[in-house]
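Go by the hints and put chain S onto chain B.
Residue strings, one per chain:
Protein chains: 2
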Amino acid sequence: MASALSEPPAPSIQTAIPGASTNAIKRELDVVFDARTTQMVIDYDKSYGNYLVDIDGNRFLDVYAQIASIPVGYNNATLIEAAQSPDMVSALVNRPAIGNFPSRRWLNLLRDGLMRVAPRGCTQVFTAQSGSEANELAFKAAFMAYRRKQRGPDNQSWSTRELETAMKNQAPGSPDLAILSFKDSFHGRGFGSLSATRSKPVHKMDIPSFKWPQATFPRLRYPLEEHEDDNHAEEQRCLQEVEHILASWQCPVAGVIVEPIQSEGGDNHASPAFFQALQALTQKHGIYLIIDEVQTGFGATGRFWAHEHWGLPAAPDIVTFSKKAQTAGYFFSDAMLRPDKAYRQFNTWMGDTARVIISNAVIDEILSKNLVEHTARVGDILYEGLAALSTKFPQLVFNLRGKGKGTYIAFDTPDASSLLKEMRNVGINIGSCGVSTIRLRPMLVFGEEHIPILLDAFEKVFARSAK
Amino acid sequence: MASALSEPPAPSIQTAIPGASTNAIKRELDVVFDARTTQMVIDYDKSYGNYLVDIDGNRFLDVYAQIASIPVGYNNATLIEAAQSPDMVSALVNRPAIGNFPSRRWLNLLRDGLMRVAPRGCTQVFTAQSGSEANELAFKAAFMAYRRKQRGPDNQSWSTRELETAMKNQAPGSPDLAILSFKDSFHGRGFGSLSATRSKPVHKMDIPSFKWPQATFPRLRYPLEEHEDDNHAEEQRCLQEVEHILASWQCPVAGVIVEPIQSEGGDNHASPAFFQALQALTQKHGIYLIIDEVQTGFGATGRFWAHEHWGLPAAPDIVTFSKKAQTAGYFFSDAMLRPDKAYRQFNTWMGDTARVIISNAVIDEILSKNLVEHTARVGDILYEGLAALSTKFPQLVFNLRGKGKGTYIAFDTPDASSLLKEMRNVGINIGSCGVSTIRLRPMLVFGEEHIPILLDAFEKVFARSAK
Chain B
0 MASALSEPPA PSIQTAIPGA STNAIKRELD VVFDARTTQM VIDYDKSYGN
50 YLVDIDGNRF LDVYAQIASI PVGYNNATLI EAAQSPDMVS ALVNRPAIGN
100 FPSRRWLNLL RDGLMRVAPR GCTQVFTAQS GSEANELAFK AAFMAYRRKQ
150 RGPDNQSWST RELETAMKNQ APGSPDLAIL SFKDSFHGRG FGSLSATRSK
200 PVHKMDIPSF KWPQATFPRL RYPLEEHEDD NHAEEQRCLQ EVEHILASWQ
250 CPVAGVIVEP IQSEGGDNHA SPAFFQALQA LTQKHGIYLI IDEVQTGFGA
300 TGRFWAHEHW GLPAAPDIVT FSKKAQTAGY FFSDAMLRPD KAYRQFNTWM
350 GDTARVIISN AVIDEILSKN LVEHTARVGD ILYEGLAALS TKFPQLVFNL
400 RGKGKGTYIA FDTPDASSLL KEMRNVGINI GSCGVSTIRL RPMLVFGEEH
450 IPILLDAFEK VFARSAK
Chain S
0 MASALSEPPA PSIQTAIPGA STNAIKRELD VVFDARTTQM VIDYDKSYGN
50 YLVDIDGNRF LDVYAQIASI PVGYNNATLI EAAQSPDMVS ALVNRPAIGN
100 FPSRRWLNLL RDGLMRVAPR GCTQVFTAQS GSEANELAFK AAFMAYRRKQ
150 RGPDNQSWST RELETAMKNQ APGSPDLAIL SFKDSFHGRG FGSLSATRSK
200 PVHKMDIPSF KWPQATFPRL RYPLEEHEDD NHAEEQRCLQ EVEHILASWQ
250 CPVAGVIVEP IQSEGGDNHA SPAFFQALQA LTQKHGIYLI IDEVQTGFGA
300 TGRFWAHEHW GLPAAPDIVT FSKKAQTAGY FFSDAMLRPD KAYRQFNTWM
350 GDTARVIISN AVIDEILSKN LVEHTARVGD ILYEGLAALS TKFPQLVFNL
400 RGKGKGTYIA FDTPDASSLL KEMRNVGINI GSCGVSTIRL RPMLVFGEEH
450 IPILLDAFEK VFARSAK
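Note that the protein sequences, when read in sequence, are chains B and S. First residue of the first sequence: 0, per numbering that gives the first Met the number 0; consecutive thereafter. First residue of the second sequence: 0, per numbering that gives the first Met the number 0; consecutive thereafter.
For reference, chain B alone in the conformation it holds in the complex (with noise of 0.2 Å):
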C-alpha cells in the first residue's frame, strides 16, 4: 500500500512528457470519454506527499494539486484511515437522501466536524457537492432571502399570480433578479454560476446566460509599496462601479459574489480596504455578499479562509467552499438565509457522506499539525525567493504576487504555456491562470524543503529561455 511510501527527495523525469503509456491510455480513452485534455495518465499508488508519479514511471514536484484541490498530500495516512473506517464504508454503500433520512453520524460529522472551520460569525452550514452547485445554492439562497424581504414580515404567503407564473418562468414567481459578479472572474460552469463567471470564452462561448451585471476587479500595479497612490485609485473607481451597477441594472441585483484572490482570472488580488468597502456596500443596499472560497479556503493563504486576511467589521453572509475542502458547500450566518420554508433548498443527495468524512480527516490533519501557520511560515520564505528570480529574470518573472498569502503566489511571464511544459520536463507539475501568469498551488504540507527544488527547476528553464 502507498501509507508505506515516504516522500522521495526529488522529482525524477524518465520519459518525454507525456510519455508512451500516457499517450496509449490516452487514445483509448478517448474512444469512450473525450481525453483531450488528459496531460498525463497517474499511477496514484505511487504518488506519495507532494510527489506526483505517472505511469511513465516519471515523478513531479506537485505544485498544482490537481487545480488546487489535494490539500494534505497524496496517501495521506489520516485520510486512508478515514477512508477504511467503518463509517466511510457505510456512507459509500448506503447513500442516503441525507435532507430525508441522515445516518445517525451526520449531526457529528457536521456539528463536530464541518463547523470546526466555520468562518467567523457563521453559524450554520448546507452541503454540496462541487463549487458550482455550492456557488449556485448561494444564489438560490440570497434570492429567496431578498425576496422575503421585499415581501416584509407580514406578507410572506405565496400569492395565486406568483404561484402561476413561477410554473411558467415569469416574473413575479420568477422573477428577473441579478448577482453582480466581477469581470475575470470564476465561479463556475453550471448555467446560474456560469452567467457569473468571466474569465474566458471556452467557458461560456454558445450558452445561454442570465444577463447579469459585471463590475470591474482591481488591477492592481506590482511591487504594491511603489503603487499606493495609483492602487488606491483604481480599487475607488471599482467600487464607485459596482455602486453604479447596483443603483441603476435594468433588474434588482440580490448579491455580489466576490473570490477574495481571483484565481482562475489571473490571480488577482485587492486590498483589505477594497472588500471591506464592498461589504459596506452590499449592506446599504440591503443585499448579501458572497465570498468564493472554492480556490482560497482551507488554508491556502495563511489563514484557513483568506477572507480573514481582511478584517471585515461583520460576519460574511455566506462563504463557499469546495476544492481542499475534498467536499462543498457553504457556510452563512444570517439566519433570513435559511429559507422561510422547508424543501425550498434541498434535492436528492444533498452532499455526499463520503466526502464529508474525508473532509473531516482534512481539517483533522490541518488543525494537528499547523498546517495553515506551517503554509503562511513557508510562503513567506516561497515568496522571498522568487523575489530573487524575479530581480535576476525581471523579463521572465514580474508581477510578482501574493506576499503574506501564503503560498498562494503566483507571477506573470510572457509565454506561461511554454513555460509549464518546460518544468514538467525538469519534473515540476504547475499550472498557469488569466492571460500568461504562473500560479502556485502547493499543497499545505509543502514544506521549506521543496522550495530549492522549485526555485533551481525554475532557475534552470529561465537560464536557457535567457540565453
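Don't take every hint at face value.
It does not matter which identical chain is used: a pair holds within one copy or between any two.
[Claimed, not checked] Below 30 Å or equal to it, Euclidean Cα-Cα: the simulated DSSO-like pairs (lysine-lysine) are: (1) K199 x K25; (2) K148 x K210; (3) K199 x K167; (4) K368 x K45; (5) K459 x K420; (6) K182 x K210; (7) K199 x K148; (8) K340 x K182; (9) K368 x K420; (10) K283 x K167; (11) K340 x K420; (12) K283 x K420; (13) K210 x K167; (14) K25 x K210.
These are calculated hints, taken from the structure and not from any lab test.
Frame of chain B; chain S shown alone:
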C-alpha cells in the same frame, strides 16, 4: 459489521414515528443544518437489504429507497467489497482532476465498467455528480452542437464579436437558445435544470429562470385499455403542441428533455408511439432529444433503461443518469455532441472516481443476479396485487399505472400525505409524488416475498380508512 446481517422477515415498529430519538437529534442538527425535512434519523449499520432501521429501533420495509436511489439494498455485500478495496481507498484519498490527471484505472472503470450498460447506440460517456449536473451538462452539449451546426462546417472559428459578447452574457456569443421541457416534469434544481423543471412552485419560487417553453405532457386515462382513442388523441394534441413551439418559440429551441415516466410530477406515462413521434420531431428540426433517466434508469422499469420499452428506430442522442447509478452523467450517441474544442465541457473533478467504483459494483450485482429481469417479473406480480386492491378499495386506489414497467408502479389516492404517515406506522417507508399519488420505488432486490407484506399493510390502512 452489517454485512453479517441477513434480511429480517418483517417490519417492526416500536414507537410513534418519528420516534423520540429522531426528534432529539433533529433538534440538535437543526442548529447547524436545515433539518426541517428530516423524516427519520437512520442507523445504517442495522439496516439491511430492503429494510431501513431508524435510531428509535423501528424497522421499515423501504419501498422509497432514498428517493428512488438505493439500487441493490442496504449493506449489499458486493458494494461493501468494492468500498473496502484498495482502489476505493486510493480514489477517496487521491481525488483527481479526472479531465487532466485520470488514474490508471479510469479507462477500465469506464470502458469495462459504465460502458457495459450504455444505451444502445451510445458510444461515449461524460461523468458528473448529480442528476441536476448531468442534465445541465447535457443541455450545454446540445447548445454547443446546435451552434456548431448553425455555423456550418467551414466556419467553426469564433468571431471577435462572439468572443467579446460571450464575456458580457450577450448574443451572439451567449445566444438566446432554449430547451423545451414538459409541464409537470422534474429535471433538477440548478439554474438551467430548474428552468426545465415544472413540477412544484416550492422548487421554483423566487429563482430567476430562462424563458424556456413547456409543452403539455399527455394525461392518460386509466385503465389504458378502456381509453385507447382518448389517449391517442391526447398524445397527438401534445405532439402538435411540441411542434408548434419548435416552429414558433421566440428563440431557437436546441433540445427537448423528457422523462420516460414523469416521476416527481406524478408518475405520468405516455405510449411508445408518443416517444417515437417525439424523436421524429426532434430529428425533423435538427435538434437534440435528451432522455432524462435519472429516476427511471438502472432497471426499475423492468428494462435497464426505461426508453428500451419504446423501440426507438434510432439511438437516443443523450441519456442522463444518476440516483440508482450511485454516480451521474450522460451517455451520448452523436459525435457532434463532443464539443469541437477541448475544455468546453470540463470542470475540476468531472465526477468522482469513488462513486464510479460503487456504480460498477452496482452494475456487477445487477448483471450477475439478473436483477432487471427479476424486477420485471416481480413488478408484474405486484401490479396484479395492487389491481386487486384497487378493485376492493376503488375510492382509495385509482388510476393504477405502471403495468409492465417492473416495480415502477403508482396510483392516485385522495390523501397521499396521510397515507404515507399511516403506512409508516405499520412499518412501510413509502413515497408520494405529483398532487396525490403514491409511487412505489422499491430497490431491484425487492422480491416476491415482500409483496404480501406491502399489500397487507395497504389493506390494513385502507380498511381503517374505509370504515
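Status of the hints after comparison with the structure:
| no. | hint | in the structure |
| --- | --- | --- |
| 1 | K199 x K25 | within (26 Å within a copy, 44 Å between copies) |
| 2 | K148 x K210 | both (23 Å within a copy, 25 Å between copies) |
| 3 | K199 x K167 | between (32 Å within a copy, 11 Å between copies) |
| 4 | K368 x K45 | within (24 Å within a copy, 36 Å between copies) |
| 5 | K459 x K420 | within (13 Å within a copy, 71 Å between copies) |
| 6 | K182 x K210 | both (14 Å within a copy, 25 Å between copies) |
| 7 | K199 x K148 | between (35 Å within a copy, 22 Å between copies) |
| 8 | K340 x K182 | between (34 Å within a copy, 23 Å between copies) |
| 9 | K368 x K420 | neither (34 Å within a copy, 49 Å between copies) |
| 10 | K283 x K167 | between (33 Å within a copy, 26 Å between copies) |
| 11 | K340 x K420 | between (52 Å within a copy, 20 Å between copies) |
| 12 | K283 x K420 | neither (48 Å within a copy, 47 Å between copies) |
| 13 | K210 x K167 | both (19 Å within a copy, 8 Å between copies) |
| 14 | K25 x K210 | neither (39 Å within a copy, 40 Å between copies) |
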